[in-house]
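Engineer: Here the protein sequences line up with chains A and B, keeping their order. Each residue of the first sequence is one higher than the one before, starting from 4 at the first, in the numbering used here. Each residue of the second sequence is one higher than the one before, starting from 3 at the first, in the numbering used here.
No lab work stands behind these hints: they were computed from the structure. All values reported here derive from a predicted model rather than from experimental measurement. Please note that the accuracy of each hint is not assured.
Claimed, not checked - Not close to chain B: a few residues of chain A, all C-beta gaps over 10 Å, as computed:
#	residue
1	Val23
2	Ala100
3	Pro177
4	Ser185
5	Ile195
6	Gly196
Said to hold, decoys possible - So, partial list: chain A residues that the calculated Cβ filter (under 8 Å) puts toward chain B:
#	residue
7	Thr143
8	Ala317
9	Met321
We put the beta carbon where it would ideally sit given N, CA and C, even for glycine.
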Amino acid sequence: MGGRLLAIGRAVAFVALALVLCGAIFELAGFSAPDMFAAILDGAFLSDGALAHDLRWACPLFVSAAGVIVAFRCGYFNVGAQGQFYMGAIGATVAVALLPGWPALLVTLVALLAALAFGGLWALWPGWLRIRSGTDEVITTLMGNFIAGLFLIWVTSGPLKDPSGSGQVTSSTPVPAAIRISTDTGVSGWIIGLTVAVGLVTWVLVNRTAFGVLGGLAGRNPVMVTWQGARLSRLGLGAFVFSGATAGLAGAMEVLGPDGRLVSGFSPAHGFTAVLIALVANLSVSGGVIVALFFGGLASASLYLPVIAGLPSAAIDMVNAAIALFITSRVAPWRLVRVPRSRSERR
Amino acid sequence: MIDLFVSVLRTGTPMIYVAMAGVLAQRAGVWNLGLEGLMITGACAAVVLTEQTGSVLLGLGGAILFSVLLSALLWLVIEKLRANPIIAGLGLTGLGLGGTDFAVQAIYGSEGAVTAPAGIPNLGPAFGPFGVLDALVIAMPCVVFGLWVLCRRTRFGLRLAACGEHPFAARSVGADPARMRLIALLLGGVLAGLGGAELSLGGLQIFSVGMTAGRGFMAFSAVIFGAGHPIGATFAALFFALVEFLGIKAQLVFGEHAPRDFVLMLPYLATVLGIWISARFRGGALLSATEMRDG
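Kindly generate the complete structure, drawing on both the sequences and the hints.
Structural biologist: Pasting the structure below:
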């Protein structure tokens with residue numbers, strides 16, 4: 004328990020350090036850092052209805068993060084959640100477009116399954132390259148993000164384009180209301196239910212199955228796991244596909260939920276934030292719930308900042324990035340003052 | 003043919019400078035995924051400072067300064083806080099992308115493109131088709147050669163490689179790996195800043211938010227494709243630039259039959275192909291993510 008408290012303390016301390024760094028940059032840019040953080044806090048957690056908005060962003064983020072947790076635990080840096088998220092969203096939209104006139108509930112279910120499949124497949128090829136030939140998955144999944152982003156632009160401006168759409172941002176035709184799983188608020192029984200289900204499945208997978216135990220070991224010592232007789236390749240592919248499928252599901256939750264249509268370049272920070280949630284939660288599923296609520300708050304605040312406080316919304320991107328910069332540190336910030344030269348491994 | 007040569011050289015040069023930064027970091031044993039962030043910071047600082055002061059030299063200086071500062075921050079986080087280099091690098095990239103977006107919005111009030119009044123001086127019309135090549139493109143072969151000499155023919159280069167491959171051995175001859183990494187990252191910061199400046203000031207003299215579009219990651223892949231060798235990485239970067247050029251050509255020739263978005267995918271696909279080939283024929287990643295995972 005003491006170890007867990009220490010881990011939480013470290014996470015909080017590094018988030019605070021990241022905020023201080025960003026605060027210094029904001030001050031240099033001529034903004035008042037305290038006002039800025041007050042605005043973020045207000046937009047994220049304190050203002051009317053802020054918690055409902057948090058939940059709207061936190062649910063898809065948590066679903067993606069659950070997959071990232073599984074992949075990272077197995078030692079695979081799948082940073083392609085963004086691309087898998089887009090592919091899942093495309094899968095769901097294609098399913099809706101291909102099944103006109105079917106019963107609404109059936110279409111919804113097929114769309115969700117299509118999202119799982121599309122997301123999983125988009126994680127399959129980097130996983131396959133990683134396991135068969137040791138191709139670095141960080142690069143392949145990052146490149147996959149760019150490719151999926153361009154594919155999304157093509158899909159929304161070509162085959163699935165809404166002919167009546169106008170303006171600069173292209174999008175698909177709206178998903179019929181009967182098929183959608185929530186209104187524009189993004190909070191509904193469906194969304195909460197899916198999120199809880201993914202959370203439970205992931206928790207059981209990680210903590211109560213051979214896959215989770217072996218995966219956790221493989222992340223630390225792959226050689227030992229092969230000596231135990233486990234098939235590392237199967238384990239790794241499973242982790243990749245699972246993480247891709249959850250990210251794909253998150254994409255469907257956006258399209259069938261609050262967005263109600265497939266928009267070119269939507270939620271551009273989703274994948275990075277999901278990775279961040281997994282890391283801040285120290286790859287724990289239960290911790291991910293709370294961390295996802297925090298980052299959901301930041302995500303909703305980024306929409307409010309320009310409107311309420313006249314601040315650039317990129318401020319939130321900077322805060323997120325600064326947290327990523329520090330969060331994996333193994334030296335606690337309060338020990339930085341006198342780091343022993345012997346580089347002791349103490350955590 | 004000259005058209006192709008000039009065009010590939012111009013597209014490839016920014017990536018080559020950034021790849022040289024990656025080579026230095028790679029040899030010192032740091033997987034620098036922050037290159038994308040350094041590149042966009044250099045690109046932004048160069049155009050914004052040139053626009054504000056009217057001096058291209060100040061713009062270049064600013065690009066180098068900010069890129070070096072960010073490199074120092076990365077070193078601090080990796081060496082002193084002992085963070086995972088991959089995640090810290092991605093964080094630095096996010097800081098660069100978000101920070102430049104923030105800066106442009108804070109200074110100009112909108113996310114629109116910023117145009118600099120002047121660019122890096124080029125050869126001029128007297129040189130015919132080569133006239134569009136600017137000073138940094140001309141200097142590029144010298145920089146690559148200089149880096150090759152530094153890495154392969156000097157005491158410093160040998161120690162740098164020792165620090166990357168076997169820090170214990172390096173320490174036993176009196177080289178401090180942490181210090182060597184600092185030098186490698188700071189020097190890399192200079193090169194990556196120049197690469198970013200060449201991207202924005204060298205071409206259209208425009209900075210737009212997110213304009214690097216993964217070129218920093220491509221430069222990183224060029225380092226892996228080129229086996230951490232300056233000249234190998236240069237040719238890898240030129241290969242990516244060639245793919246980009248051929249895609250644009252294909253679009254001009256085939257028009258509607260080569261959809262724009264798929265043409266834009268080509269460099270990314272080439273990057274995946276490149277690192278797959280290097281993994282397939284030279285054995286997996288130099289350092290697997292597993293080994294670097296935060297235990």
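Engineer: Determine whether the non-interface label on A:Ile195 survives the test: each CB of chain B must be over 10 Å from its CB.
Structural biologist: 29 Å, holds
Engineer: Evaluate the condition: distance from the CB of A:Ala100 to the nearest CB of chain B exceeds 10 Å.
Structural biologist: 19 Å, holds
Engineer: A:Ala317 was flagged as interface toward chain B. Is the shortest Cβ-Cβ separation under 8 Å?
Structural biologist: 4 Å, holds
Engineer: Beyond 10 Å from chain B, beta-carbon-wise, is A:Val23?
Structural biologist: 13 Å, holds
Engineer: Is A:Gly196 truly not at the interface, in the sense that its beta carbon sits beyond 10 Å from all beta carbons of chain B?
Structural biologist: 32 Å, holds
Engineer: Holds or violated: the hint that A:Met321 contacts chain B, with Cβ atoms closer than 8 Å.
Structural biologist: Status holds, d = 4 Å.
Engineer: So A:Ser185 supposedly isn't at the interface. Is its beta-carbon more than 10 Å from every beta-carbon in chain B?
Structural biologist: 29 Å, holds
Engineer: Under 8 Å, Cβ to Cβ, is where A:Thr143 needs to be relative to chain B, so tell me if that hint holds or is violated.
Structural biologist: At 5 Å from the nearest chain B Cβ, A:Thr143 passes the 8 Å test, so the hint holds.
Engineer: Confirm or reject: A:Pro177 is not an interface residue toward chain B, with every Cβ-Cβ distance exceeding 10 Å.
Structural biologist: Since the minimum Cβ distance to chain B is about 23 Å, A:Pro177 lies beyond 10 Å and the statement holds.
Of the numbered hints stated above, none is contradicted by the structure.
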